[in-house]
Amino acid sequence: MEIRHLISIEDVSAEWFTSLYSICRDMIDHPGDFSGICNGKLMASLFFEPSTRTNFSFQSAMMRLGGNVFGFSDPSATSRAKGESLADTIRMCAAYADTIVIRSPLEGAAKAASLYSAIPIINAGDGGHMHPTQTLTDLTTICQRRGEIRGFNIGLCGDLKNGRTVHSLAIALSKFPDIRFTLISPRDLAMPEYLLTYLKDHGQNYVEVTNLEAAMPHLDVLYMTRVQRERFADPLEYERLKNVYILTAKKLERAKKELLVMHPLPRCEEIAMDVDADPRAVYFDQARYGMFIRMALLLKMTHMARETPPPTASHKGSQRCKNPACVTGQELYLPILEKTNGENISCAYCDGKLLTI
Amino acid sequence: MEIRHLISIEDVSAEWFTSLYSICRDMIDHPGDFSGICNGKLMASLFFEPSTRTNFSFQSAMMRLGGNVFGFSDPSATSRAKGESLADTIRMCAAYADTIVIRSPLEGAAKAASLYSAIPIINAGDGGHMHPTQTLTDLTTICQRRGEIRGFNIGLCGDLKNGRTVHSLAIALSKFPDIRFTLISPRDLAMPEYLLTYLKDHGQNYVEVTNLEAAMPHLDVLYMTRVQRERFADPLEYERLKNVYILTAKKLERAKKELLVMHPLPRCEEIAMDVDADPRAVYFDQARYGMFIRMALLLKMTHMARETPPPTASHKGSQRCKNPACVTGQELYLPILEKTNGENISCAYCDGKLLTI
Amino acid sequence: MEIRHLISIEDVSAEWFTSLYSICRDMIDHPGDFSGICNGKLMASLFFEPSTRTNFSFQSAMMRLGGNVFGFSDPSATSRAKGESLADTIRMCAAYADTIVIRSPLEGAAKAASLYSAIPIINAGDGGHMHPTQTLTDLTTICQRRGEIRGFNIGLCGDLKNGRTVHSLAIALSKFPDIRFTLISPRDLAMPEYLLTYLKDHGQNYVEVTNLEAAMPHLDVLYMTRVQRERFADPLEYERLKNVYILTAKKLERAKKELLVMHPLPRCEEIAMDVDADPRAVYFDQARYGMFIRMALLLKMTHMARETPPPTASHKGSQRCKNPACVTGQELYLPILEKTNGENISCAYCDGKLLTI
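Protein sequence lines, in the order shown, are assigned to chains C, A and E. In terms of our numbering, the first sequence opens at residue 590 and continues consecutively. In terms of our numbering, the second sequence opens at residue 590 and continues consecutively. In terms of our numbering, the third sequence opens at residue 590 and continues consecutively.
Because the hints were derived from the structure by calculation, they are not lab data. Because the structure is a prediction, the values reported are computed rather than measured. Glycine included, C-beta positions come from ideal geometry on N, C-alpha and C. Do not take every clue at face value.
Partial chain E-side listing against chain C, Cβ under 10 angstroms, derived [unchecked claim]: (1) LEU631; (2) GLY655; (3) ASN657; (4) SER674; (5) MET681; (6) ALA683.
Take these sequences, add in the hints, and give me the full structure.
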């Protein structure tokens, strides 16, 4: 199945990823073959909140293909671009570019953008909702270092309750065969129930543990994330626990020789600097693979034909999304769109609950 | 006549535009033929005030030709660049680039820049004075959609008193044959006397009306601009009038089938969203044509030979421009230059009145 | 000797410069031959403090070679990039780019960056410490205008006590044969003792004078820098002296016909505008030569193989640099590195004194 806009990791099948990765691998092996393949092509980079790392990764990916980039990268740009609707900003940029990369604090912003765009939209993070190219980066790192994604014991460690990155990665890995998840977190920051159900429904096994060191010997991948002080109701609890979830060279002693230590970066204290020299620490290589998989994605996205989107009725209904961070709360003309998942009806922008008013 | 610097729409003849447009049309039809034509060429983009849309249009134009862009885009850059004169900033950028695009809140800034530049200057807006590439965009849209500019009834609607865009467009269209203008505005915001005289002197017809709906059936082009609350002495008058000048799908019912609805963007409430789906609404296409005509312009401008400007005497005279927004009030070394138009003598930077002191 | 990172002007030999300059001259004479030579190559431009001029020079240099640039250019970016160490920021950018240009208010920042980078680092100014590409620019200007660097009487004028630019230039010129320095400054702002010793040790002659006009007839090069009010303990002394160090057309009357008047720019009042039209005023050409020598440098730097740096022990010692502006005071994990110069031991980052604590 072809994907016109990359909005959610749920749109991505194992097959689609595998075909994207095969382009990516080619780019890693023969970078010179691709340095002019996007000559004359443009990416609009609309960062309604700053994210230096993601921004640099997309920019460098586009530029390495011979294409170029315009856009804005800081929050003050928001007010600047204001006075006009998101819909009009998107239509303007679609007049100038071949693909639009959008980052926004509003959940569902990328989906909203896709309704008004004649060119492909790529979601570079919409609030706490989705960040699909981070997940593509993670999958690429595993493929590139281990040859495939199959039969691995994947340790997800840290704040599994709030972490957008680990949620998306768990969903994506569920589409590959025979994955076992080791979910390592404080009890208060455990993986949400709906995601555990998702794993079960997709036939994957998981165990929930609280001790990183005990889990270590069994892992093929250890995906570290940060445990933030402000997530704890009780500060003493934070002080008691934080060291358990800090990775050190010492804790790696009992790990497998082929373990991959991954991290979305920037890392703070959750990985000690003495881990950096360990060949199993692949988080900086991971950043580099992220550039290459984005190159493959941008190659696809900038070579699709322009397509004027069908007219969209403005919002006139009596329904509303309850999520205060949803884009529909800011861009009031947006039509309310539903998404049915079994018996649940949710907002097709942010996956929040819908409310009839 | 060749134009070395594009400072004012008054410099542009119908012949020059027509030759520029023919390159532009070629670029629209065969974009691939031009994707490397500015390889190794650079545009300096000096925005002393933010203007996301104009900035993006110029950047994407230059990049689509295979050239590249450096510069600054926000007002804090002004203070940053400060400590040195505009003249020196221009000379520095002329050392690095092949053409300079300048946007400034100071009227006459582009003209001032041209005195010190070894490379072509393009005016991307100098305060309320001129914005010639917007006018080129407007002319291109009419040509591209109607094949030529001749014999049309052009409706200019909104604030015709203060609108830089409609003033420039009226002047430019006056150079084409058999144009009829329908000037649609509140009485308080009517087209200035000197422009009406200009139209008459150039043999063009016009009517002044206050009702958009009544004028609609006769128009070939409807150019919408905003009516801003702060322009009215009496707020009640604004409330009474504003809806008259809002374009809706309903008001379009009696319009010609080939009408072009144009707008410089960003639009606020002056065009209702229900107009967007109408095939006569060409304002988003207009943005795209703006990129293509800027591509044609940049191709010309980046291929002129470098030419050290003749030495400029610093200001030592007893004359001064009375316009407080004129660049000569800030950059005190600028020589005072006069422009004679019939019996009027005006400032050659900003067209303001000169004062002997 | 090949240079992997360009950190300090002291790393630069006359031979290395001469070979770099010969590429530069080729680029000046045949710019078209080089417009695609860096296709697909990327420069990361990390400006932790604003410097429009240096930034534009590097950007335009890279772009003219067909390469491209990403990065940040203003101080707010510092806080943005914060939350992570300089080491990690560098490792991230090294994942995306082929060379890194770094500007920082911290002395030794470029040296620190080089410890963690798989790609070449170029120092674009680290506080008051070094700015080696400015010096390359200055040498290039002399070569390009006078054919070689040999046997000239070089006047350095202005604040010779605090001026990083003149210090570096003096060091660099000391490596060329038969240079005579004329050091023109107020007594309070004379060249530091250690630099005078350096000149003597390298067999160069110098005289110290206080009067620019008297020195004028003997000079082959006059390098102007600013005398800042805030450098004077006594404001009356400043008022008395400042005009002595302002260059005017009048003062140039007795100068040699082939004199080169140089300035690092931006100039303030230290060069009167009436000098600009004199053919001996080469400061704007100097800016242009700066772009070309940076092109030559970037061509070299972007074509070196990636090389993972050896692991660096974190700082655990009991030694510290006494310089409050040294990067080691901010990035606390940095190993303390010593540099021995005769009997002096100094900090290998900032050349400051080391303190055992």
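Status of the hint placing ALA683/E at chain C (closest C-beta pair under 10 angstroms)
Holds. Min distance 8 angstroms.
When the nearest CB of chain C is found for ASN657/E, is that gap smaller than 10 angstroms?
Interface hint status for ASN657/E: holds (4 angstroms vs cutoff 10 angstroms).
Holds or violated: is there a CB of chain C closer than 10 angstroms to the CB of MET681/E?
For MET681/E, the interface hint holds, since the closest Cβ of chain C sits about 5 angstroms away, which is under 10 angstroms.
Can the hint on SER674/E be confirmed by a CB-to-CB distance to chain C that is less than 10 angstroms?
Constraint on SER674/E satisfied, holds at 8 angstroms.
Quick check on LEU631/E please, does its C-beta sit within 10 angstroms of some C-beta on chain C?
holds (6 angstroms)
Should the interface hint for GLY655/E be scored as holding, given a Cβ-Cβ cut-off of 10 angstroms against chain C?
Cβ of GLY655/E sits 9 angstroms from chain C, so the hint holds.
Figure legend: structure checked against the earlier numbered hints; every hint is met.
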